[in-house]
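Q: Just so you know, the protein sequences line up as chains A, B, C and D, in that order. My numbering puts the last residue of the first sequence at 750; the count rises by one with no breaks. My numbering puts the last residue of the second sequence at 750; the count rises by one with no breaks. My numbering puts the last residue of the third sequence at 750; the count rises by one with no breaks. My numbering puts the last residue of the fourth sequence at 750; the count rises by one with no breaks.
Just to be clear, a hint being listed does not mean it is correct.
It does not matter which identical chain is used: a pair holds within one copy or between any two.
[Said to hold, decoys possible] Simulated pairs of lysine to any residue, SDA-like, Cα-Cα distance not exceeding 20 Å: (1) 612 to 704; (2) 609 to 682; (3) 498 to 521; (4) 521 to 681; (5) 744 to 430; (6) 744 to 428; (7) 744 to 433; (8) 684 to 429.
No wet-lab data here; the hints were simulated from the structure. Only a predicted model underlies this, so the values are computations on that prediction, with no experimental measurement involved.
Number of protein chains: 4
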Amino acid sequence: MSQHIRAAIVGATGYGGVELIRMLLTHPNVQITSVVSSSSAGTPLAESFPHLQEIIVDRLDAVDVPLIADKADVVFLATPHGVSTEIAPKMLDAGLKVIDVSGDFRLKSAETHERWYKRKQADAAYVDKAVYGLAEVFGDDVPGAQFISNPGCYPTVTSLGLVPIVKAGWIDTNSIIVDAKSGVSGAGRGLGMTTHYSEVNENFFAYKVNKHQHTPEIEQTLSRVAGKDVVMTFTTHLVPMTRGILSTIYVRPIVQRSEDEIRELYRQYYEGRPFVRIREQGKYPATKEVWGSNYCDIGFSLDERTGLLTIISVIDNLVKGAAGQAVQNLNLMMGWDETTGLKFTPAYP
Amino acid sequence: MSQHIRAAIVGATGYGGVELIRMLLTHPNVQITSVVSSSSAGTPLAESFPHLQEIIVDRLDAVDVPLIADKADVVFLATPHGVSTEIAPKMLDAGLKVIDVSGDFRLKSAETHERWYKRKQADAAYVDKAVYGLAEVFGDDVPGAQFISNPGCYPTVTSLGLVPIVKAGWIDTNSIIVDAKSGVSGAGRGLGMTTHYSEVNENFFAYKVNKHQHTPEIEQTLSRVAGKDVVMTFTTHLVPMTRGILSTIYVRPIVQRSEDEIRELYRQYYEGRPFVRIREQGKYPATKEVWGSNYCDIGFSLDERTGLLTIISVIDNLVKGAAGQAVQNLNLMMGWDETTGLKFTPAYP
Amino acid sequence: MSQHIRAAIVGATGYGGVELIRMLLTHPNVQITSVVSSSSAGTPLAESFPHLQEIIVDRLDAVDVPLIADKADVVFLATPHGVSTEIAPKMLDAGLKVIDVSGDFRLKSAETHERWYKRKQADAAYVDKAVYGLAEVFGDDVPGAQFISNPGCYPTVTSLGLVPIVKAGWIDTNSIIVDAKSGVSGAGRGLGMTTHYSEVNENFFAYKVNKHQHTPEIEQTLSRVAGKDVVMTFTTHLVPMTRGILSTIYVRPIVQRSEDEIRELYRQYYEGRPFVRIREQGKYPATKEVWGSNYCDIGFSLDERTGLLTIISVIDNLVKGAAGQAVQNLNLMMGWDETTGLKFTPAYP
Amino acid sequence: MSQHIRAAIVGATGYGGVELIRMLLTHPNVQITSVVSSSSAGTPLAESFPHLQEIIVDRLDAVDVPLIADKADVVFLATPHGVSTEIAPKMLDAGLKVIDVSGDFRLKSAETHERWYKRKQADAAYVDKAVYGLAEVFGDDVPGAQFISNPGCYPTVTSLGLVPIVKAGWIDTNSIIVDAKSGVSGAGRGLGMTTHYSEVNENFFAYKVNKHQHTPEIEQTLSRVAGKDVVMTFTTHLVPMTRGILSTIYVRPIVQRSEDEIRELYRQYYEGRPFVRIREQGKYPATKEVWGSNYCDIGFSLDERTGLLTIISVIDNLVKGAAGQAVQNLNLMMGWDETTGLKFTPAYP
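Could you build all of it, start to finish, from the sequences and the hints given here?
A: Below, the structure written as structure tokens:
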């Protein structure tokens with residue numbers, strides 16, 4: 402009751418924002434009190450998203466910090482890169498709790514940020530304040546935090562697939578190759594040739610090869626867990642589907658462990674974390690098996706012929722890779738059960 | 402509390418069954434106590450549907466009426482055509498409430514059933530007992546019923562688009578043409594050439610032209626509402642997508658009414674029924690705008706040039722066209738609010 | 402030999418243009434001598450379309466009429482609406498043969514053009530000169546013409562499905578309802594929300610209901626064939642696929658004919674026209690069955706219950722609905738066999 | 402003229418067979434004289450594939466060796482695994498030229514074949530006789546051969562991406578990791594859960610991880626080229642599209658070469674081979690850019706951070722990965738230009 406909080410969603414006309422709305426609408430402890438958009442302020446949200454007709458009848462607020470601070474306790478920033486850099490500090494200064502779904506505050510090194518994002522990072526004081534909310538790994542940092550930087554989609558699916566074995570020291574951390582594949586919704590609602598239907602349908606291609614800005618975010622997590630610098634090879638591909646990410650991860654073990662022992666290592670690491678599910682021997686997760694839900698499913702194949710370990714990890718990029726994990730971080734921040742409002746069963750088929 | 406009931410789902414390895422599970426898992430008044438399958442009895446459900454791993458760990462029960470009657474208060478039959486004919490009577494005799502999602506008990510005329518389904522109908526005593534659960538139209542029949550025959554997917558989307566204007570007597574009931582388009586999941590999980598990926602992807606075609614078994618079901622509803630026999634033209638097409646049905650309906654008005662008056666007629670007819678949403682002038686619903694939800698969205702275009710009225714109606718075939726409406730019927734049957742456990746926001750995109 | 406001609410393609414960076422290139426590259430009597438684009442002039446075509454790497458190494462020419470008149474004998478205009486209005490007259494005055502794939506010169510009535518296209522039509526002298534190249538219907542007008550206006554995609558598939566029975570006087574011409582469905586490539590390469598992948602994939606919707614600018618083009622053809630004004634109801638839908646159009650056409654017969662007699666009527670009408678194929682009783686064409694080819698396939702269902710005739714007609718919108726029919730018109734214009742260079746077997750699956 | 406030959410296609414009701422038909426119908430030196438199917442013998446081919454109506458009106462022949470030997474000079478075997486083992490020897494003994502598109506004769510080691518295909522290999526005398534027709538690599542073996550074993554789809558796209566650099570000795574042959582992704586048509590027309598539309602659409606998953614039977618075929622090619630045993634890691638994934646394969650290949654260079662030098666190495670290796678196209682720096686091929694054509698397009702990224710080289714290679718699995726390369730082998734076998742009848746421009750979009 403007293404735990405009930407009021408939430409504002411900035412960037413409500415984007416895919417991350419609208420997925421936050423879907424998640425929060427049925428969250429028992431949260432009330433959406435403001436939907437915010439710089440581009441469509443003053444119009445009803447259902448004009449941008451007719452599926453919300455008669456569900457959310459509110460008009461969109463402008464990005465007006467005092468107004469939002471007045472209407473809400475927590476604000477979710479589901480904004481394009483660069484916007485949070487400007488507005489998150491103001492929101493924080495106004496006393497709001499902030500959960501930033503963008504990439505602006507994820508990297509702790511300003512230099513690395515600038516190299517990969519090709520723009521200057523936010524004020525260091527606020528970057529320092531941001532808690533990186535990879536819930537199953539660094540979730541202990543979240544309770545009581547005011548400011549969460551929510552992990553990216555590729556970093557979530559990839560880091561969850563790698564952290565237990567990296568932490569255990571069982572693999573050569575110089576050997577990591579991540580071949581990742583994403584649905585198109587990850588590119589957002591902004592128009593572009595690589596999201597144009599006739600170009601993407603019945604097509605498959607790689608993009609940003611060795612250049613994806615999520616690379617240093619994954620390396621930062623793995624380095625933190627490993628206690629030493631980790632550099633990896635990372636390739637991203639576009640799959641002709643809307644939602645879902647799958648990372649196929651190749652690593653070279655340096656200690657002799659059976660596939661079952663590896664599976665057991667992961668089971669123990671994620672014990673008590675309901676959103677990570679480990680597959681049985683010979684079973685590999687499909688993206689559809691987590692569609693619309695906050696799960697991350699992981700499978701393994703240790704190849705006797707080459708000695709390499711293949712790890713396959715999947716999430717729904719808009720849920721566990723964005724809105725769902727943001728709500729999970731809100732739950733942890735508030736001291737609620739981390740599954741509160743997140744018990745979405747995958748929609749199958 | 403006392404309202405809590407135990408539910409069994411027969412046909413849990415099909416798409417209708419698994420969607421019932423998704424809906425019922427978060428229903429506050431229902432507990433799933435048995436998942437039933439004739440073909441996979443004894444195996445864990447998650448073996449058939451890995452997306453349910455750690456969500457439902459139960460093994461599938463066989464179609465054993467005493468067992469089900471012992472474990473459950475209500476049983477949902479999401480079985481292939483012909484199966485309910487056999488088992489629904491036994492379930493009813495055992496005192497279970499039954500909600501049949503198949504087509505076996507929908508038609509009141511045994512002769513019509515046999516002509517369109519090419520098989521004999523069930524025992525007439527049970528057919529008589531079946532309440533046809535088109536919730537927004539015949540929902541008043543449902544409270545207290547023991548046996549619900551849940552409408553088909555095409556009949557739901559089409560009837561909801563036609564009933565108000567047919568009932569008002571505003572159109573020539575001999576003029577109705579329904580051009581319907583469905584996603585592939587309506588065909589179920591059984592294999593076939595017209596559900597084979599490489600045949601369906603990047604393809605669009607009509608099937609069962611003037612022969613679809615849902616034709617008499619729609620005509621039965623419209624005739625009942627009109628108070629006279631209605632015969633219509635009905636064509637079904639397969640869309641290369643998984644979920645969603647859209648019916649484009651053409652009718653000839655016989656009384657002079659503006660498009661706004663027609664819209665108002667529908668608004669009044671569906672007043673207080675939260676799952677039907679009427680679109681504004683010039684707006685037409687897309688199937689994605691109801692994806693995963695129990696909504697039926699309807700739009701209109703009255704053509705000044707030809708005088709014809711075009712009605713466009715959409716649902717998610719697995720939700721409002723099957724599992725969702727079944728749960729809605731359970732709610733009505735039990736005297737609960739009809740939206741209980743059904744507040745799924747459409748998943749967009 | 403002496404029949405060999407040189408062709409220029411204006412709008413080579415659009416889907417219509419690039420499909421013309423695919424068709425003409427293997428045409429035995431044609432040499433592509435200029436690829437033209439206003440937006441990308443000076444760059445290699447393969448930069449816009451990497452699939453043409455090492456096939457066409459030419460740089461794009463600007464829209465320079467003297468240059469084109471110097472390099473080519475015939476010019477194909479695959480340009481956005483409004484461009485041909487400006488440049489076709491200049492091309493014609495320069496002595497070029499012109500085949501216009503846009504809608505600018507299709508309608509003979511300036512008033513109708515302006516009402517539906519919301520822009521003024523071209524100079525009437527040039528509109529008069531334009532021969533409407535619906536090859537199987539008005540093909541006799543084409544030999545020797547200098548200027549062809551190539552039919553639109555919806556008009557081609559729909560008119561070919563209707564002309565024989567309209568001409569025969571077997572149906573009530575006030576009863577025609579056309580429910581058409583198109584793949585997304587018909588909308589071209591220009592970006593927009595209704596061609597954005599995440600909005601279109603796993604979605605189906607109607608657009609421009611009773612407002613599509615192809616409506617008067619179809620009516621013009623039917624009126625010409627019927628010898629009286631024909632007005633019809635026309636709805637267009639977007640299918641989540643790249644290529645293909647299917648029209649489901651509903652008409653009311655006014656003379657008693659069997660389905661076989663109707664089929665025979667069509668067979669006779671299209672005798673000697675190899676690109677129209679009539680399906681057997683109970684068989685309906687799928688868009689994939691003409692994918693990549695110049696065929697139009699047509700099937701029929703005469704419903705005994707309602708007396709209505711359903712006609713189903715399919716084409717590949719980019720081939721028979723654009724580039725292929727344009728080449729067919731070139732063949733007819735030049736007195737070549739109409740299949741020259743057009744023997745593309747549908748690519749299946 | 403005298404070079405004209407008669408061709409039979411066994412397995413004409415499968416996707417490989419029907420693609421062979423599409424290719425051979427416009428081949429200037431070939432006449433299809435028999436289409437053969439064990440399952441549908443006696444029925445018209447167009448009953449199985451309506452897109453061939455009025456194109457091929459022949460009825461399917463049974464698998465009758467004397468009949469085929471009488472009607473044809475060359476026979477293409479596009480049959481399920483195991484069938485060629487039985488019939489290829491008989492065809493060869495009857496004096497036919499045989500091009501086997503199946504996997505039965507690709508592996509030279511009977512033991513390896515049995516381990517990966519889980520069935521005994523064909524008679525060793527015939528295996529020895531089979532020339533492995535990877536045209537751009539081993540094409541010199543083909544002229545004059547009677548019996549060609551046509552490479553698999555994954556082996557073609559992967560081997561063409563690897564052979565030049567393996568042959569040059571520039572990489573550690575123990576470091577090769579191949580992450581491959583295929584459209585669904587590669588699984589053929591036979592029904593199955595992993596080709597069921599609702600299971601595959603809007604889904605992405607790995608299959609046969611470290612177990613795909615194409616693994617030893619690629620290793621055989623690489624070992625032959627390297628002059629030593631090569632063992633690699635190979636993962637296959639299913640993409641929700643019909644056609645196309647992309648292999649992302651990771652290798653560790655052992656000699657210092659720039660990305661441009663690597664590109665130049667490939668250009669030289671494939672000089673004079675028109676079906677392999679090398680992409681410029683920073684450009685990576687998409688599967689759609691080869692759709693329907695016999696091209697293999699290859700791009701490169703040498704990562705300065707990790708030192709690894711990423712090679713991306715694409716083909717149309719049904720063309721260069723099956724029917725197209727089979728025709729290319731026929732051309733080489735007969736001493737014709739290897740592009741004869743194969744100048745299909747990719748169909749885009």
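Q: Give a verdict on every hint.
A: Consistency of the hints with the structure:
1. 612 to 704: Between. Shortest inter-copy distance 9 Å satisfies the 20 Å Cα cut-off; intra-copy 29 Å does not.
2. 609 to 682: between (33 Å within a copy, 12 Å between copies)
3. 498 to 521: neither (24 Å within a copy, 56 Å between copies)
4. 521 to 681: neither (45 Å within a copy, 30 Å between copies)
5. 744 to 430: both (14 Å within a copy, 16 Å between copies)
6. 744 to 428: both (10 Å within a copy, 11 Å between copies)
7. 744 to 433: both (19 Å within a copy, 16 Å between copies)
8. 684 to 429: Neither: 35 Å inside a copy, 33 Å across copies.
Figure legend: structure checked against the earlier numbered hints; hints not met, in rising order: 3, 4, 8.
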